[in-house]
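Protein chains: 4
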Amino acid sequence: MTMNRRELLSIGVLTLLPQIRASAQAQAQPADLVNLNNLISDLVAGNHILATEGIVDGYGHISVRHPGNKNHFLLSRSVAPESVTVADIMEFDLDAVAVDPKGRTSYKERFIHSEIYRVRPDVNAVVHGHAPSLIPFGVTKKPLRPMYHQSAFLAAGVPVFEIRDAAGMTNMLVETAALGRALAKVLADKPVALMRGHGAVVVADTIPNVVGRSIYLDLNARIQAQAIALGGPIAEISPEEARKYAASDNYARAWELWKKKAK
Amino acid sequence: MTMNRRELLSIGVLTLLPQIRASAQAQAQPADLVNLNNLISDLVAGNHILATEGIVDGYGHISVRHPGNKNHFLLSRSVAPESVTVADIMEFDLDAVAVDPKGRTSYKERFIHSEIYRVRPDVNAVVHGHAPSLIPFGVTKKPLRPMYHQSAFLAAGVPVFEIRDAAGMTNMLVETAALGRALAKVLADKPVALMRGHGAVVVADTIPNVVGRSIYLDLNARIQAQAIALGGPIAEISPEEARKYAASDNYARAWELWKKKAK
Amino acid sequence: MTMNRRELLSIGVLTLLPQIRASAQAQAQPADLVNLNNLISDLVAGNHILATEGIVDGYGHISVRHPGNKNHFLLSRSVAPESVTVADIMEFDLDAVAVDPKGRTSYKERFIHSEIYRVRPDVNAVVHGHAPSLIPFGVTKKPLRPMYHQSAFLAAGVPVFEIRDAAGMTNMLVETAALGRALAKVLADKPVALMRGHGAVVVADTIPNVVGRSIYLDLNARIQAQAIALGGPIAEISPEEARKYAASDNYARAWELWKKKAK
Amino acid sequence: MTMNRRELLSIGVLTLLPQIRASAQAQAQPADLVNLNNLISDLVAGNHILATEGIVDGYGHISVRHPGNKNHFLLSRSVAPESVTVADIMEFDLDAVAVDPKGRTSYKERFIHSEIYRVRPDVNAVVHGHAPSLIPFGVTKKPLRPMYHQSAFLAAGVPVFEIRDAAGMTNMLVETAALGRALAKVLADKPVALMRGHGAVVVADTIPNVVGRSIYLDLNARIQAQAIALGGPIAEISPEEARKYAASDNYARAWELWKKKAK
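Chains as they are written, first to last, in this note's numbering: chain A, 62 to 324; chain B, 62 to 324; chain C, 62 to 324; chain D, 62 to 324.
Hints in this document: simulated from the structure, not taken from any laboratory. Just so you know, not all the hints are guaranteed correct.
One copy or two, either will do: identical chains are not told apart, so a pair holds if it fits within one copy or between any two.
Said to hold, decoys possible - Below, a list of computed lysine-lysine pairs in the BS3-like style, where the Cα atoms sit at most 27 angstroms apart:
(1) K169 - K131
(2) K169 - K321
(3) K321 - K163
(4) K169 - K305
(5) K246 - K324
(6) K322 - K202
(7) K203 - K251
(8) K169 - K322
Just chain A, with the same shape it has in the complex (with noise of 0.2 angstroms):
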């Protein structure tokens, strides 16, 4: 997927040229365009992939981190990610205003993203949705916790963000800067915090790898209710075990096969 003039303008990356080109650390390229061409495609596909493997249905969204501006992310306007084309794809900065909204609606949870790139340099990819095999874990005292190696990443915990503790009764929804800068305290240094009575938070330094975890994770989920289920004390992978399995693995081999089947 490549992108015309129109779809390049539709996402408000021509809007900034002239303005990119007068920096003295002029940060994008040629080849930062072409960059950021296949990051939109990734971005497209991530939706389609998160709904096709059913972590998402008509709601929950992802975003990446826009590569020639740290300040600033891609994410859809407010569409089922199933629907989601390239141009959907918005720009927001970190106060998740739109760059160059042109009229299209933003998800009102937006600032989850925001708020997360914020304070996680390390992050450039979010997803945020409520898979079935999650709310249990939120809204019961059981701690989601790694069952095998695919899901490794959940060994350093899975933190639950309480709403109610960072601002009472509320209609459930991170639709505020202080919303979303409490979750994002609750989620720490951590790759996935549940959100009790509503869903989940997924981070990682790609749109494959936020993918990836979002699918092991709902994995983990429903394997641990049913190891549960079947009694006594459980294995876990320990984080030793994590931290070695961690180098070894970046969905490359699954992330070609979702696109496929996503398509």
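Dock chains B, C and D against chain A, hints included.
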């Protein structure tokens, strides 16, 4: 989807036009016909969506209150929801008598719809179905409770209709006005009632809302069953959270996706 | 679907015509041939429906009593249900001997069918399969009970066939007349019997009914397992409710849908 | 599917022909080439079937012993099973060294295959995967037991490979010959071993049998979990029943269906 004269005739609209025109408070205007056309299109889509999303199988039905006549409602002839077309939509009065059956067979349980419309002026759409996830909550004493924001509408409580209380030993079907009244009484002002050993009825102000509630009711039941299996106390959506959330969603984003997937 | 001469030959009908014609009580008339034609079409559809609905996988079978000869029945050659065509349908007598095999291989377990037809004049259709939902109820002491109206036919009770009681240590397969008789004896006058560590047999008066019962038997098992997991007493469909419901349904509406989906 | 010269080259067969021809006990004959052709076709089909039936996702692999050289085996290059084609099949020796890699990347865990072929002359096909149903039985103390005839091959017992016993803290992957040997030792003479926090390995004498065992192993795990949830003692398939059943099935009927569905 637009309707030609023949199809409008088949749902008893053209037949009624003369008397509607003659009426001093004539309710049906050309704009109303467009309205009706769109509503019937949504009703057909609602049938297909409920089937595609696994909420109904060969059985179950969805109706909408007639936009031009508060005392009439629209409901398919007796056919599987997945197969419903515009030509199957019939008009009924509040005694569940078909205005112009044209030889089409009515669902036996249309009294579920008529008696709810009679006593619930706030309700414009009704779904009846037998989603497998719901039956366990109808045959045990475990009440359905709202697990997450998407099913916050359950916070008002989910009553269970025990047909034996209304009529002793029956064939389990709500196929008389008296049984419909008894069910409507148990439903009271709630959005959902379970029916012991049978299924559920869901009501809302619009077709997208009754379809959305039916889908998230099913998801909530599956989530709650899993949360119960994990053990320990469960943090439900509180009534105040539910009240605040109610104002912020109408399933609009999901409705477009559901329609696309059901095609 | 209609059959040409070649296909009629393949199921041994044309071969039998001379002796049928010669018979004083000649049972097969032109109208009967149309009848048989339709029944075979339904039998092929029944095979495909059971596969599409997940009741059988590569194994399992469905038969129908021959409409022109109470002592014969029709059953596919040994092939996966999903792949059955008209040319695969064979005719068997009550000793499970093929009338005109034409080199086709028979299912080893055809004795399940023959011995039930022998002792149950009310039965005209038999399904045998291994739906995963049923095995747990066959290997534990938890009896299958009717959870809702659609599975009300279970109210008579679901016996479990323990092949060890009949023949000690076997290969688990009902591949002799003696084992078929033992199974039929345990089934007695019921619509369903489970087979320990193996599967189930379902019987009814028609193909749509035996298919419908097989589908709702599977759903009931999954619903009951979930109801048990919720805990506490379970309100079953009572025998009187089941008796009253039995008169009001024949799966006609669902049968049309199942056929459409299985195509 | 047949292979042309180019494809035969790609799997290193033509390259080997001269030395095979020169050998006094030349094992590969024209008939053997046809054999190999068919076997590779089955190996590709096996990959697709395991993906279609949900036994593997983007990860997991299936191999077959080389029919012309007991000390070699065939396995795809490192790609998702669903995407495997004839050109991806590589030949390995028992040290898991590729005979003619042609730049293709090998699965890191190919040592699972090589070390099992080394010590199990009865084994001609190996599957490694991570079916979610299996992980709970690997991380708890609940042993997998045969619930019904289709999984009777489990009656010999299902050992669990604890990689910590073999090598302490690892990245969980069997990516050395030493780890492969340790796994093969735990597998011993059984058809299945679970791997704690990882997955399973399944072996058999043919590709259809290893695929069939993989599918029914998954079904058995789900059935046993449900049987445990129902409570009370469970009547397993006894060793003698398993022995008798083993003689009567080879998945031939299902294999044809699985191939058709995987296309």
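Would you list, in rising numerical order, the hints stated earlier that this structure does not obey? 5 and 6
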